[in-house]
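Enquirer: The listed protein sequences correspond, in order, to chains L and G. So the first sequence is residues 119 to 452, counted in this note's numbering. So the second sequence is residues 119 to 452, counted in this note's numbering.
Everything labelled a hint here was simulated from the structure, so no lab data went into it. Honestly, I wouldn't trust all of these hints.
Just so you know, same-sequence chains aren't split out, so a pair can sit in one copy or run between any two.
Said to hold, decoys possible - Heads up, simulated DSS-like pairs for lysine-lysine below, C-alpha to C-alpha not over 25 Å straight-line:
id, residue 1, residue 2
1, K420, K372
2, K357, K422
3, K420, K328
4, K227, K289
5, K357, K438
6, K231, K438
7, K357, K178
8, K178, K333
These are the residues of each chain, in order.
There are 2 protein chains.
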Amino acid sequence: MSAQINRQFQLAQRPVGAATRDTFAYVETPVGEPGPGQILVKNQYLSLDPAMRGWMNDAKSYIAPVAIGDVMRALGVGKVIASQHPDFKVGDEVNGALGVQDYFLGEPKGFYKVDSQRAPLPLYLSALGMTGMTAYFGFLDVGLPQAGDTVVVSGAAGAVGSVVGQIAKIKGCRVVGIAGGADKCRYLVDELGFDGAIDYKAEDVNAGLKRECPKGVNVFFDNVGGDILDAVLARLAPKARVVICGAISQYNNKEAVRGPANYLSLLVNRARMEGMVVMDYAHRFQEGFKDMATWIAEGKLKSKEDIVEGLETFPETLAKLFSGENFGKLVLKV
Amino acid sequence: MSAQINRQFQLAQRPVGAATRDTFAYVETPVGEPGPGQILVKNQYLSLDPAMRGWMNDAKSYIAPVAIGDVMRALGVGKVIASQHPDFKVGDEVNGALGVQDYFLGEPKGFYKVDSQRAPLPLYLSALGMTGMTAYFGFLDVGLPQAGDTVVVSGAAGAVGSVVGQIAKIKGCRVVGIAGGADKCRYLVDELGFDGAIDYKAEDVNAGLKRECPKGVNVFFDNVGGDILDAVLARLAPKARVVICGAISQYNNKEAVRGPANYLSLLVNRARMEGMVVMDYAHRFQEGFKDMATWIAEGKLKSKEDIVEGLETFPETLAKLFSGENFGKLVLKV
Numbered sequence: 119m120s121a122q123i124n125r126q127f128q129l130a131q132r133p134v135g136a137a138t139r140d141t142f143a144y145v146e147t148p149v150g151e152p153g154p155g156q157i158l159v160k161n162q163y164l165s166l167d168p169a170m171r172g173w174m175n176d177a178k179s180y181i182a183p184v185a186i187g188d189v190m191r192a193l194g195v196g197k198v199i200a201s202q203h204p205d206f207k208v209g210d211e212v213n214g215a216l217g218v219q220d221y222f223l224g225e226p227k228g229f230y231k232v233d234s235q236r237a238p239l240p241l242y243l244s245a246l247g248m249t250g251m252t253a254y255f256g257f258l259d260v261g262l263p264q265a266g267d268t269v270v271v272s273g274a275a276g277a278v279g280s281v282v283g284q285i286a287k288i289k290g291c292r293v294v295g296i297a298g299g300a301d302k303c304r305y306l307v308d309e310l311g312f313d314g315a316i317d318y319k320a321e322d323v324n325a326g327l328k329r330e331c332p333k334g335v336n337v338f339f340d341n342v343g344g345d346i347l348d349a350v351l352a353r354l355a356p357k358a359r360v361v362i363c364g365a366i367s368q369y370n371n372k373e374a375v376r377g378p379a380n381y382l383s384l385l386v387n388r389a390r391m392e393g394m395v396v397m398d399y400a401h402r403f404q405e406g407f408k409d410m411a412t413w414i415a416e417g418k419l420k421s422k423e424d425i426v427e428g429l430e431t432f433p434e435t436l437a438k439l440f441s442g443e444n445f446g447k448l449v450l451k452v
Numbered sequence: 119m120s121a122q123i124n125r126q127f128q129l130a131q132r133p134v135g136a137a138t139r140d141t142f143a144y145v146e147t148p149v150g151e152p153g154p155g156q157i158l159v160k161n162q163y164l165s166l167d168p169a170m171r172g173w174m175n176d177a178k179s180y181i182a183p184v185a186i187g188d189v190m191r192a193l194g195v196g197k198v199i200a201s202q203h204p205d206f207k208v209g210d211e212v213n214g215a216l217g218v219q220d221y222f223l224g225e226p227k228g229f230y231k232v233d234s235q236r237a238p239l240p241l242y243l244s245a246l247g248m249t250g251m252t253a254y255f256g257f258l259d260v261g262l263p264q265a266g267d268t269v270v271v272s273g274a275a276g277a278v279g280s281v282v283g284q285i286a287k288i289k290g291c292r293v294v295g296i297a298g299g300a301d302k303c304r305y306l307v308d309e310l311g312f313d314g315a316i317d318y319k320a321e322d323v324n325a326g327l328k329r330e331c332p333k334g335v336n337v338f339f340d341n342v343g344g345d346i347l348d349a350v351l352a353r354l355a356p357k358a359r360v361v362i363c364g365a366i367s368q369y370n371n372k373e374a375v376r377g378p379a380n381y382l383s384l385l386v387n388r389a390r391m392e393g394m395v396v397m398d399y400a401h402r403f404q405e406g407f408k409d410m411a412t413w414i415a416e417g418k419l420k421s422k423e424d425i426v427e428g429l430e431t432f433p434e435t436l437a438k439l440f441s442g443e444n445f446g447k448l449v450l451k452v
């Protein structure tokens, strides 16, 4: 094993604004061997998520920041190639925080097994992974949808948003997606069965919301923040629920985050805005996996992966998330 | 009756910024007589509330705006002096939207009876009125306090805030009030039994919160908005509840309302921010009245009224609410 090379992207400095290639140090190190309680994993697919930008900040959050010099944190799937841990054996396929590198070596904390015979591995990073669980628990447990509700999703062609919209349809809601570009909007309506779409790059979001949500918005699942959050707040229905899943428009800000000027719509409409972090639902993931797998098997839920090849492209591929270039779940094939 | 004069403040124009004397037309009209289904009330005390500023705006809200030329809306208590309504007789004391005038003439929609033998009439505008119900249902039903929680209240020496803090103490919470001035802060701690106070005029609110809430804030009851909301958001405990009752710092803004820049603290802390409007709880007011009356009788809850005499002072007295001059529930004695 020691002849093999482990390519790593380590956090070199905390970015101001967007992360770039300079944010990371590209390092080649020899692959080690597992000590007691450790496993060695050959990484196969890594999940690229907006949350990664937050992990680079030295700020109190729901999870510790990545330390300078550490391998950049990333969830992923891979195959165990050496093990000194009783629960994992060579050949097992696992899902865990593998990091942006070829090989993970360490204790498999929070790792669990997946099975490429049952579903393609990238699906365990999208609908059957944290992305799917974020959509499932965020929408159902925090959004509290009722059949007939009008549901609006921002970042709707993205990994989480596209799943939220489809779950909303399964639950009998009317679903409107906000996305950038005609292709994405067409995809939402024609492929995923959304009832309507608003192209924020081509039309005024306020006008689009007025057209698509004449009775107001009962549930808003927000990945974006900024102007789009403000526009939807202005159109809430009484007792609406706003799920704050992320704020991708604000993550690369060099100035302070911009708060939603229309927050007093919460008062007028007796509405609620609530944040969610998927790891709070870890004890209930089996419930989510089961429903999601069933819906996929029944053809009610489609998962779209945007797979980019090559670990070496990591910084530039990550940037696609923030420029709105990616389409579906962004996955890096190692 | 027709010889008597009814002094009225009518809405003359929609204010930009603070309401002033010019916002209203002072009019003297003869007092009319009730038609079928109507009552005539001699107004005795009027409730002055921050919400009145919102009613002057021509904007969609939880209640219709006051029309230009209409008597300015105000809740109040008074005595029925003529009646053609089966449920109200001469001598009944009533609570309702009497308006800023000497006499109310019209249908007693939403009016209910009060009893000055049981409690002084101004109390029916404070702890035993909408103010008390706002505190009771907003804090208990939306804030969902648990014994041991750290509760922060803004506008804590005001009508609603002072009651919220006392209910929180009754429920076994640790209570910190934010108010302007040493007198108010002393009053909160020495008279009302708050555990701590932050004088936003004399100290940095962030530092005060750090000192008074070392374990974070579990429930924040906000009447103020602006910088104070932002400061408390930055100090939320996991799963915190933020009750948006009002935003007095923003009501007189000439520019757009400023949104809370730290709203992503809701995400990091899986916290919730929710608006409340007291009228949603009308069907449960008896429950609130009963508890509040019991707590007052037991000496557990104090109600402080700031009574200003003279209907003619209305515009200037109302302004006290926004300058932070008043102390307790602001009531106008007609």
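Enquirer: Against this structure, judge whether each hint is valid.
Expert: Each hint tested on the structure:
| no. | hint | in the structure |
| --- | --- | --- |
| 1 | K420 x K372 | neither (36 Å within a copy, 48 Å between copies) |
| 2 | K357 x K422 | neither (33 Å within a copy, 33 Å between copies) |
| 3 | K420 x K328 | neither (28 Å within a copy, 47 Å between copies) |
| 4 | K227 x K289 | neither (34 Å within a copy, 40 Å between copies) |
| 5 | K357 x K438 | neither (36 Å within a copy, 32 Å between copies) |
| 6 | K231 x K438 | neither (29 Å within a copy, 65 Å between copies) |
| 7 | K357 x K178 | between (31 Å within a copy, 15 Å between copies) |
| 8 | K178 x K333 | between (39 Å within a copy, 14 Å between copies) |
Taken one by one, the earlier hints fail for this structure at numbers 1, 2, 3, 4, 5, 6, listed in ascending order.
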